[in-house]
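K.L.:
Sequence:
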Amino acid sequence: MAEVLNFEHNGITVNATESPEAMGGLGDNVIGLVGTAPNANALIPKNTPFRINSFTTQAQLDPTGAEAGTLFHAVYQILKVVKVPVYVVIVEEGATLADTQNNVIGGIEAQTGRKLGMAALSGVAEDLTIIGAPGFTGTKAVASEFASFGKRIKARVVLDGKDVSVADQVTYSQELGGADLGFDRCLVVHNMPAVYSKAAKKNVFLAPSSLAIAALAKVKQWESPGNQVTYAEDVSRTVEYNILDTSTEGDLLNRYGVSYYARTILGGFSLLGNRSITGKFISYVGLEDAISRKLVKAGQKAMAKNLTKSFMDQEVKRINDWLQTLVADETIPGGSVYLHPELNSVEKYKNGTWYVVIDYGRYAPNEHMIYQLNARDEIIEQFLEDVL
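Going letter by letter, the sequence shown gives residues 1 to 388 in my numbering.
Certain hints may be false.
[As the list claims (entries may be wrong)] Here are the simulated lysine to aspartate or glutamate pairs, EDC-like style, with alpha carbons at most 16 Å apart:
1) LYS151 - GLU288
2) LYS220 - ASP127
3) LYS294 - GLU126
4) LYS294 - ASP321
5) LYS202 - GLU233
6) LYS280 - ASP180
7) LYS198 - GLU233
8) LYS154 - GLU288
9) LYS154 - ASP180
10) LYS80 - GLU233
11) LYS280 - GLU367
12) LYS154 - GLU126
13) LYS294 - ASP62
14) LYS83 - ASP168
15) LYS294 - GLU67
16) LYS218 - ASP359
17) LYS220 - ASP321
18) LYS154 - GLU175
19) LYS220 - GLU330
20) LYS140 - GLU109
21) LYS201 - ASP168
Please keep in mind that the hints were generated in silico from the structure rather than gathered at the bench.
Put together the whole structure using the sequences plus the hints.
P.N.:
Here it is in C-alpha cells:
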C-alpha cells in the first residue's frame, strides 16, 4: 500500500506554551565613581571597575588607615546612608590636578583599546543609575564629559559646584550646557560638607557631591533626594536658608538649578534642591531612565520575531500590564500603551519597523506648599450664638 501522505499520528500530542514573561520591577540604584586611592590594596586593578558593597571591601581602598585619596571617604559616606553596590574606578594621581582630571576623564588606550577612567564604567555588568567623581567635576570641561557619558548610559550625574560665592556659583550654572548635552540629568551641589576623619582626628571637608550622591542613592530613582538630613557636621560656605523667604541665597541657588547643604528645623545639615542644573526635576530623569532600561531589556528578547497581529497585540498587552503595576505601587499616577495610529504605515512595516506609544504620568516632588489662612467672621458669629 502506498504511504498515506496526510497521516500525522494515531495518538495524542500535547503542546505547552508560556504566557509572556513578566517584566518585573524597575530595579534599585547602582553607583559608579571615578577617583583616586593611592594606598588601595594592590589586588585592586587601576582603571577597572571594582565592586564595593560593604565596609569590609570599602576598607581595601586604604588598608593603611590613612584614608588617602578621594574614593575612601566618598564610598564610606554612601555606605553609612544606604547599602547599594558602588563600583569604583581608581585612577593614578597625576603631577598636577589637571593631570589627575585627565586620568579621571580617561578614554580609550590607543595601543590596547583598553577603557580608562570614566570610560571604564561602561564595562560594569549592572546598570549604573548614578555616576560621579567627587573632587574632580567642578569645572565645565569635566562636567561636560560626565554629562555626555551619563546621557549615553542613562545614569544621573552628581557634579561638584565651584568653591566660590553664591553669586559666582549662579554665574557658573549659566555656563553649563542644556538638556541636549545631557545636563538635564546633572545635580550640581554648591558647598563642601565636613565629616569626621579618624585619620586626621578632626573634621575634614569633602567634595560637594560626596554626600549628595548618598542622598540620591537612598531614595528610589523616581523620588527627589532633596530635604534629606545628611551626616555633614559643618559646611565650607554657609548658605542663608528660610523656608518662608523667597529672597534668600538658598532660594537663588535653587532658582538656577543648584543644590546645597544648609541647616533646617530637621536638625543638622540637609541637602536642599530637587532639580537638575537645567531646572528639570531629577526624579523625572530617574523615572524616565528606569522605564527606558526596563523596556530595552524586555524588548531584546522579542527581537527578530515575525510582526504578526498576535505578537504585536501580545507585546502591547505585556507592556500595559507592567505599566499598571507601576500605577498600583504609586510609581506613576497612570499610563496606557497602544500602537501609534499615524506612524505605523505600510512602508515602515515592510522595513520591520513599528511604533509602540507609552503614555505615562509623573508624580512631582513636594517643592512648594501653600497654606491659605482665612479669618472668617461666620465662625465668630457661630461661636457667639453658642455663648449668648
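K.L.:
Tell me if the straight-line CA distance from LYS154 to ASP180 falls inside 16 Å.
P.N.:
13 Å, holds
K.L.:
Hinted pair, alpha-carbon criterion (16 Å max): LYS154, GLU175. Please report holds or violated.
P.N.:
23 Å, violated
K.L.:
Take a quick look at whether LYS83 and ASP168 sit within 16 Å of each other, Cα to Cα.
P.N.:
35 Å, violated
K.L.:
Checking one constraint from the list: CA of LYS220 to CA of ASP127, max 16 Å. Satisfied?
P.N.:
15 Å, holds
K.L.:
Next pair to validate is LYS140 with GLU109; report whether the Cα-Cα distance is within 16 Å.
P.N.:
Outside the cut-off at roughly 24 Å; violated.
K.L.:
Would you check the hint for LYS154 and GLU126, treating anything up to 16 Å between C-alpha atoms as holding?
P.N.:
12 Å, holds
K.L.:
Hint check: LYS202 vs GLU233, CA-CA at most 16 Å. Holds or violated?
P.N.:
The hint holds at about 11 Å.
K.L.:
Given the hint that LYS201 pairs with ASP168, test it: the Cα-Cα distance must not exceed 16 Å.
P.N.:
33 Å, violated
K.L.:
Just to be careful, I want the Cα atoms of LYS280 and ASP180 compared with a cutoff of 16 Å; is the pair within it?
P.N.:
It holds: about 13 Å lies between the C-alpha atoms, which stays within 16 Å.
K.L.:
Between LYS294 and GLU126, does the CA-CA distance stay at or below 16 Å?
P.N.:
13 Å, holds
K.L.:
Next pair to validate is LYS280 with GLU367; report whether the Cα-Cα distance is within 16 Å.
P.N.:
With a Cα-Cα distance of about 12 Å, the restraint between LYS280 and GLU367 holds, given a limit of 16 Å.
K.L.:
Take a quick look at whether LYS220 and GLU330 sit within 16 Å of each other, Cα to Cα.
P.N.:
Distance ~12 Å between LYS220 and GLU330 Cα, so the pair holds.
Hints 13, 14, 15, 16, 17, 18, 20 and 21 from the list above are not met by this structure, while the remaining hints are.
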